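What follows is each chain in one-letter form.
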Amino acid sequence: MRDRLSAVAAWGAAGMVLAAFAWLIGDVLWRGLPGLSWQFLVSAPADAGRAGGIASILLATVWILAIAIGTALPLGLATAVWLAEFGHRQPRLQGHVNHALDVLAGVPSIVFGLFGNAFFAVTLGLGFSILSGGLTLACMALPILVRVTGAGLQAVPAELRQGAAACGLTQWTTLSRLLLPAALPALLAGTLLGIGRALAETAALIFTSGYVDRYPGSVFDSARALSVHIYDLAMNVPGGERNGYASALVLVALILCINLATHALARGWQRSMS
Amino acid sequence: MSIHSLPTTTCAEPVPQTALQALDLTVRYRGRAALRGVNLTVADGSVTALIGPSGCGKTSFLNCINRMTDLIAGCEVSGTLSLFGEDVLTDGSNLLALRRRVGMIFQRANPFPLSIRRNLDLPLREYGIRSASERAGRLEQALRDVGLWREVIDRLDDPALALSGGQRQRLCIARAIALEPQVLLMDEPCSGLDPHATAAIEDLIHGWHGRYTVLIVTHNLAQARRVSDHTAVFWLQDGAGTLVEHGPTGALFAAPRHPVTADYVAGRAG
Ligand SMILES: Nc1ncnc2c1ncn2[C@@H]1O[C@H](COP(=O)(O)OP(=O)(O)O)[C@@H](O)[C@H]1O
Ligand SMILES: [Mg+2]
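Line order of the protein sequences matches chains A and B. Each residue of the first sequence is one higher than the one before, starting from 5 at the first, in the working numbering. Each residue of the second sequence is one higher than the one before, starting from 2 at the first, in the working numbering.
Since the hints were made in silico from the structure, they are not lab data. Treat the numbers as computed from the prediction; the structure is a model and nothing was measured. Any given hint might turn out to be false.
Computed Cβ-Cβ distance ranges for the label pairs, DEER-style [said to hold, decoys possible]:
no.	chain 1	residue 1	chain 2	residue 2	range
1	B	R126	A	A70	31 to 37 Å
2	B	A270	A	G110	52 to 58 Å
3	A	G74	B	R31	40 to 46 Å
4	B	F254	A	S180	47 to 53 Å
Sample of chain A residues facing chain B (criterion: CB under 8 Å; computed from the structure) [what the hints assert, rightly or not]:
no.	residue
5	R6
6	E163
7	Q166
8	G167
9	C171
10	L173
11	L182
Sample of chain B residues with no beta-carbon within 12 Å of chain A, all distances over it, derived [to be verified]:
no.	residue
12	P112
13	E152
14	A200
15	R227
16	Q238
Virtual Cβ for every residue (Gly too), placed ideally from N, Cα, C.
Using the sequences and the hints, build the whole thing.
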């Protein structure tokens, strides 16, 4: 009897998760599809976003993401390699870095927004700009990237390291020819997760890359990311719902694609490790 | 012929050179002794079997010789260990050069997750052999030496992990001998292999007499008798492993001097 009950509860919970997911997707599709067209994707917004499309918004989003990933990827990779391969020589520093990453991972995005505004926009004088937004997102994506890449490096079997050392391979060769290739899928998965998080980010961008919905001319221009655009249409623009939902549909589709790609990578990775 | 081998002596009765000498060698993990006070001299070109129950420090002993102990956090080695008269344990000694002179074969075959060719090519490049034709020559020779050449000749660029267990282990041996080492350390190299693959590896060791100095850990006493000319018996004493007896294999098995050896080789202990 208790078994039956708990089975029903488990199925019920799983069903509710699925139902919530289906309802969300269904709602976004239902309200977003009427506004979605090729024209919507390739034209600039007009009338505060009520009319026109999201071309400049998509462009700004891509630029912000490119800055974020271009910064976070080398930094995250280097940090993960240091933590996994060299950090044990300076255990105290290693502890501090690990601690800092844990704290960073738990910081709410609104705090990143305020920090990004104070540091990148004001202190470094970058103002409201793609650069400020991208760098702020890089700080947010860093912990995920380091953790996932680090897990990938740690999953490399100890026998591989021993074999490499026993053959007289230098640490650099071991890292570049054996360990990093083995950890590459994890690095890609970490990058995708970071992109996913950055794409969905609103709070950190409002204070850093700003609201301007024109085509950005350079990375020093203020520009509006897709998530900020949705927020603005929903909260500040009466009559913006239709385009807001169409934008939301584009965002959800992008995030789903990234999720699928991450899963595919993770599966391929598990297969290659076994 | 190994590039490391020395000119043959012209004396009437050549005294075998000492390849390896351990004096009061002790290994500690986080302060706790795992192997204590080992004194052992190994002649160049000989095959020495290390036998004894699990946990008595045989792997720890091998790990000192190519300084794999450096990779283990909290591991501390004291005493002296010399390889052809050169000290192995001093910090200043060149680790990479040492590991090229001393090859190691592990219990679990551990080819790199690369192609068969790259498995040998990578260490050879690292060794400084720039010429591709020389690397190819060494690759072929090493694979012939381990009897793998015919089996893999048409799939050198296939992943090494696609090979069978016995083939993988022979590939690892080829990877080690391609660097022309003087000493080969083999830590239970056959324990994961079927009898057929085991026999193939024993044949290799037989063929190496005089060419490499081999130290082989084995739990298989019959194997120790078949392949070795000297046997070293390790045993746990006062909570740490130590060497209790060492001598020519035939004599040691026929007339063990130490009581634990007598029990062990008779199958009454261990
Ligand atoms: N990395 C390690 N850290 C701590 N203790 C170890 C480590 N490696 C081996 N030991 C200990 O040292 C002792 C000898 O181990 P080992 O050299 O592997 O023996 P054997 O190869 O004869 O089985 C064992 O008690 C083992 O627990
Ligand atoms: Mg062992």
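Against the structure, the hints:
Our hint of 31 to 37 Å for R126/B and A70/A holds, since their Cβ atoms are close to 36 Å apart. About 57 Å separates the C-beta atoms of A270/B and G110/A, a value consistent with the hinted range of 52 to 58 Å. The supplied range of 40 to 46 Å is met by G74/A and R31/B, whose beta-carbon atoms lie about 43 Å from each other. Remark: the range hint 47 to 53 Å for F254/B to S180/A is upheld by a beta-carbon distance near 48 Å.
The beta carbon of R6/A is not positioned within 8 Å of any beta carbon in chain B (closest approach about 45 Å), and the interface hint is therefore violated. Interface hint status for E163/A: upheld, as the beta-carbon distance to the closest one in chain B is roughly 4 Å, under 8 Å. Taken as an interface hint, Q166/A checks out: its beta carbon lies about 7 Å from the nearest beta carbon of chain B, inside 8 Å. For G167/A, the suggested interface contact is upheld, since its CB lies about 4 Å from the closest CB of chain B, less than 8 Å.
Here the hint on C171/A is kept, as its CB sits about 4 Å from the closest CB of chain B, short of 8 Å. Hint status for L173/A: holds, given a least beta-carbon distance of 5 Å to chain B, under 8 Å. A hinted interface residue such as L182/A counts as satisfied when its beta carbon comes closer than 8 Å to some beta carbon of chain B; here the least separation is about 6 Å, so the hint holds. The beta carbon of P112/B is not kept farther than 12 Å from every beta carbon of chain A, the shortest such distance being approximately 8 Å.
Interface exclusion of E152/B from chain A stands, the closest Cβ pair being 21 Å apart, more than 12 Å. The non-interface label for A200/B is consistent with chain A: the shortest C-beta to C-beta separation is roughly 24 Å, beyond 12 Å. Look at R227/B: its CB is around 25 Å from the nearest CB on chain A, clear of 12 Å, so calling it non-interface holds up. Annotated as non-interface, Q238/B keeps its C-beta farther than 12 Å from every C-beta of chain A; the closest such distance is 28 Å.
The structure is inconsistent with the numbered hints 5 and 12, although it conforms to all the rest.
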